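Undergrad: What follows is each chain in one-letter form.
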Amino acid sequence: MSDDTIDLRLHVWRQRGPGDEGRFADYSKYAKRISTHASFLEMLDVVNERLAADGERPIAFDHDCREGICGMCGAVINGVPHGHRTLTTTCQLHMREFQNGAEVFVEPFRATAFPVIEDLMVDRSSFDTIVQAGGYVSVRTGAAPDANEIPVPKQIADRAMDAAACIGCGACVAACPNASASLFLSAKLAHLNLLPQGQPERYRRTRAMLAAHDDAGFGGCTNHRECEAACPKGISTDFIARMNRDVIVASLTDKDGNLI
Amino acid sequence: MQAVLTLTRSTVGQKVVVAVTGVILFGFVIGHLAGNLLLFVGPEAFNAYAAGIKGNPPLLWGTRVTLLVSVVLHVTFTMQLARRNATARARGYQKPRKDQITTYAARTMILSGPLLFAYILFHIAHFTAPGLDLGGTFHPENVYANVVNGFRTWWVSAIYIFANFLLGLHLFHGGWSAAQSIGAQSPKYDALKKQVAVGLAVFVSAGNIFIPIAVLTQLIGSADQLARAQAAFETEAVTEAATGAEEE
Chain A
0 MSDDTIDLRL
10 HVWRQRGPGD
20 EGRFADYSKY
30 AKRISTHASF
40 LEMLDVVNER
50 LAADGERPIA
60 FDHDCREGIC
70 GMCGAVINGV
80 PHGHRTLTTT
90 CQLHMREFQN
100 GAEVFVEPFR
110 ATAFPVIEDL
120 MVDRSSFDTI
130 VQAGGYVSVR
140 TGAAPDANEI
150 PVPKQIADRA
160 MDAAACIGCG
170 ACVAACPNAS
180 ASLFLSAKLA
190 HLNLLPQGQP
200 ERYRRTRAML
210 AAHDDAGFGG
220 CTNHRECEAA
230 CPKGISTDFI
240 ARMNRDVIVA
250 SLTDKDGNLI
Chain B
0 MQAVLTLTRS
10 TVGQKVVVAV
20 TGVILFGFVI
30 GHLAGNLLLF
40 VGPEAFNAYA
50 AGIKGNPPLL
60 WGTRVTLLVS
70 VVLHVTFTMQ
80 LARRNATARA
90 RGYQKPRKDQ
100 ITTYAARTMI
110 LSGPLLFAYI
120 LFHIAHFTAP
130 GLDLGGTFHP
140 ENVYANVVNG
150 FRTWWVSAIY
160 IFANFLLGLH
170 LFHGGWSAAQ
180 SIGAQSPKYD
190 ALKKQVAVGL
200 AVFVSAGNIF
210 IPIAVLTQLI
220 GSADQLARAQ
230 AAFETEAVTE
240 AATGAEEE
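Those sequence lines, one after another, are chains A and B.
The first sequence begins at 0 in numbering that gives the first Met the number 0 and counts up one residue at a time.
The second sequence begins at 0 in numbering that gives the first Met the number 0 and counts up one residue at a time.
The set of hints was computed from the structure by calculation and includes no laboratory data.
Keep in mind that a hint or two might mislead.
Stated by the list, open to error - Straight line, CA to CA, 25 angstroms or less: simulated PhoX-like cross-link-like pairs of lysine-lysine:
id, chain 1, residue 1, chain 2, residue 2
1, A, Lys232, B, Lys187
2, B, Lys94, A, Lys28
3, A, Lys153, B, Lys94
4, B, Lys187, A, Lys31
5, B, Lys97, A, Lys232
6, A, Lys153, A, Lys232
Just so you know, these numbers come straight off a predicted model, no measurement behind them.
So here's chain A without its partners, still in its complex pose (with noise of 0.2 angstroms):
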């Protein structure tokens, strides 16, 4: 069964808390015979089995659904976020995409405004941040509404659902030069401002969500499309454009959506 398992060079950042230098350890001792049908995360799994086994502190990294859905997973290998295969969360990348023998280094994605909290995990809380300024629509509640009872075209239905199509994951952040998330912000600003229940909140919407994310460090985007390149949803960098056009209007407007 040689051909179903694989040795690895693997390396791990290993770092104790946020205050810690952290470092990368040689874990190539545990990660001989990995299963090619292992995902990474499994790979990770049994790596931290045989740490355990020898004493050792398993190593931390976030997951949850793992089935690529989530957003919760996420680390740069080989200096790729997620992995190299495109459109593939850290969970859904199989070991069988490695060859045998080949040198992985594993790193938590890096960006100011992702402080490490352990090993591969970082504290991403600051994404909430954003979509807490401004990532919903107000409406009254009450009953449910009728179905369709707001139209809305299929086009922009459909772009609209592109955008939703986010995770949440950060990897764009992790990709870019300059550790900016504007892919992931344009994408949360895109998916309410292109359907008819975002437009009464548009551009106070689209300037909260910005001094949010300015707020809390990111970068700037200076469009290299790294962010689109290594996102597993496949975002386009279209929706920062839009996000721009949207960030100029907003500075013509009042508080209100008034052109000043």
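Dock chain B against the given chain A, drawing on the hints supplied.
TA: Below, chain B alone, put in the same frame as chain A:
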């Protein structure tokens, strides 16, 4: 006030200012090259073009002020953004991050920019203020001779060729990037937009590089052409002297 702050303080707003000023400067270099191509029409046409600009102070000073303001804003906001971007990843990757799709031009904007700034200072010193005696005595009105004399000096040509290669790189990323930053995006025109941006960058860069090469290869600037350029001023001087004598 809030609105102005969005443009001058936010990452997106600052980038919009960089993009708009970049488009102004891009437009200028296209016009600048178009005018310079009159070198190939002949010394009379080129010197008349230069005299035409100098004889139109509103155009001359309007352009100069617009360019100065654009350059100052372009550089100031870029520096603010670059400083901010450097702090956005205070602790870098220990195993270097791999670029996937960005271009060499995009990654070197922050280097091509300052180098172009230094080149522009040299270019202004060479041909405008104060005017340098490179390869021949600087003549404030015989612009044709200044160009030919300057570019016959190999190292002057080398500076211009290298700088305009950098300009091409800067515009290669800058054209498309500026459109993206001001939100000029539509699925219908995206392919065209990229082609136009790259086409204009190649036109400006190649056109500007062609001028020193044309001088070095003697395509323009023959002894006859230089004599004709010079003769125009000598005739003028003679006429002026004659007029002056009559008045006396």
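Undergrad: Enumerate the violated hints, using their earlier numbering and listing them in ascending order.
TA: When the structure is compared with the hints, numbers 3 and 4 turn out to be violated.
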